[in-house]
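Participant: Here's the letter readout for the chains.
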Amino acid sequence: MNEPIDDLLSRRRDAEQPFRVPEGYFDALEDRVMARIAMEEAPETGRRRVWTVIKPALALAATFALIFGMGYGVLSLTQTLKRGNGTPEAPGYATTVEEWITPASLINYYEMDAQPVEEEIDEETLVNYLASELSFTQLAEIYAQANLK
Amino acid sequence: MTDREILKLYREGGRQEAFRLLVQNYKERLYWHIRRMVLDHDDADDCLQNTFVKAWTSLDRFRGDAQLFTWLYRIATNESLTFLSRQQTRGGRLELDAASRLSSDPWFDGDQLQATLHRVIAKLPPKQKAVFLLRYFEEMPYEQIAQVLETSEGALKASYHHAYEKVKAWMKEEMDVKY
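Quick note, the sequences are listed as chains A and B, same order. Numbering-wise, the working numbering puts 76 at position 76 of the first sequence, and it's gapless, one number per residue. Numbering-wise, the working numbering puts 98 at position 98 of the second sequence, and it's gapless, one number per residue.
Since the hints were derived computationally from the structure, they do not count as laboratory data. Only a predicted model underlies this, so the values are computations on that prediction, with no experimental measurement involved. Fair warning: there could be bad hints in the mix.
On the chain B side, residues computed to face chain A include the following (Cβ under 7 Å) [said to hold, decoys possible]:
#, residue
1, Arg-20
2, Val-23
3, Arg-35
4, Trp-56
5, Gln-114
6, Tyr-136
If you want the footprint, here are the derived chain B segments under chain A, 3+ residues with CB under 8 Å [as the list claims (entries may be wrong)]:
#, region
7, 24–33
8, 66–72
9, 161–172
Not close to chain B: a few residues of chain A, all C-beta gaps over 10 Å, as computed [stated by the list, open to error]:
#, residue
10, Phe-19
11, Pro-22
12, Pro-43
13, Pro-56
14, Ala-65
15, Gly-69
16, Val-127
17, Glu-141
A virtual CB, placed ideally from N, CA and C, is assigned to each residue, including glycine.
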């Protein structure tokens, strides 16, 4: 093996193809390739086709629902904090009793506490109550207003 | 039938017939190119079929600014490189195993020296190996290799030179040990 390696490499390049293929391999190749193409192009089954069509739409809908849900959650949280139900550090938190008790909240409180009068009040009781609570002048004014209507 | 006639037939509606002619014209050249890349017959067969299936699905987008055979060689080379890189990620370079099994491969008729040469070529990085095989065995002009591999001719010449020197050195090592 004293042959220079360059000569050897150039001789090997021209040597006969050392690889072999099974007999008839190339003769059947076109048919096999065309059969494989036909198989890959065959229409998908109904169920698989429906799923293929629906899948991207479902993914899109799920993404929108997630974004909407997250947005709604953030907005609700922000509104809650703005209403003053948050922590003392949160804006809108009432720091004094005067700020906390507003006229509206007082009205709501009394309306909530007021009990409907269920027992009947007779005329005599009513007259006695008015006579004891109001002066003659006030009663005369109420009477005059009632008769004017 | 020439490439131009095949493409004309394809565009005029004879898609299946035209493609069958295309397979007929290129099957052997592409097979031997792929076989030298992956070495094993079954792997070469898989890559070749994938090459033709990809060619079929994208032939209607073939603009004709490259020759049909360069375009097919590009698909075949990419398919082989993808196969080799998949083997690599599965653990090790399986083409090296295939190369070491060449002597006992029923579809390899070469002598010991040819087996050594292919074993040595298998040690090259995949892309360098593609350059070496296209130039060394197929004597493809650099201009065409550049179109196949979408690389500049200058880079290819340097790559081939490095590959040739590596193969020469490894062959010398192997032969010093064996002979």
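Participant: Now, for every hint given, state plainly whether the structure supports it.
Facilitator: Now for the hints, and whether the structure bears them out:
1. Arg-20: holds (5 Å)
2. Val-23: With a closest approach of 5 Å, the B/Val-23 hint holds.
3. Arg-35: holds (5 Å)
4. Trp-56: Interface hint status for B/Trp-56: holds (5 Å vs cutoff 7 Å).
5. Gln-114: Since chain A brings a Cβ to about 4 Å from B/Gln-114, closer than 7 Å, the hint holds.
6. Tyr-136: At about 6 Å, which falls below the 7 Å cut-off, the nearest Cβ of chain A leaves the hint on B/Tyr-136 intact, so it holds.
7. 24–33: Since three or more residues must qualify, the claim that chain A covers the region 24–33 of chain B holds, with 5 doing so at under 8 Å.
8. 66–72: violated (count 0)
9. 161–172: n = 5 at 8 Å, threshold three: holds.
10. Phe-19: Per Cβ check, A/Phe-19 is inside 10 Å of chain B; nearest 5 Å; violated.
11. Pro-22: It is violated; A/Pro-22 is separated from chain B by about 7 Å at its closest Cβ, not greater than 10 Å.
12. Pro-43: holds (16 Å)
13. Pro-56: holds (21 Å)
14. Ala-65: Holds, because the least Cβ-Cβ distance between A/Ala-65 and chain B comes to about 36 Å, which exceeds 10 Å.
15. Gly-69: Given a closest Cβ separation of 39 Å, the condition holds.
16. Val-127: At about 103 Å from chain B, A/Val-127 clears the 10 Å cut-off, so the statement holds.
17. Glu-141: holds (99 Å)
Checked against the numbered hints listed earlier, the structure breaks hints 8, 10, 11; every other hint is satisfied.
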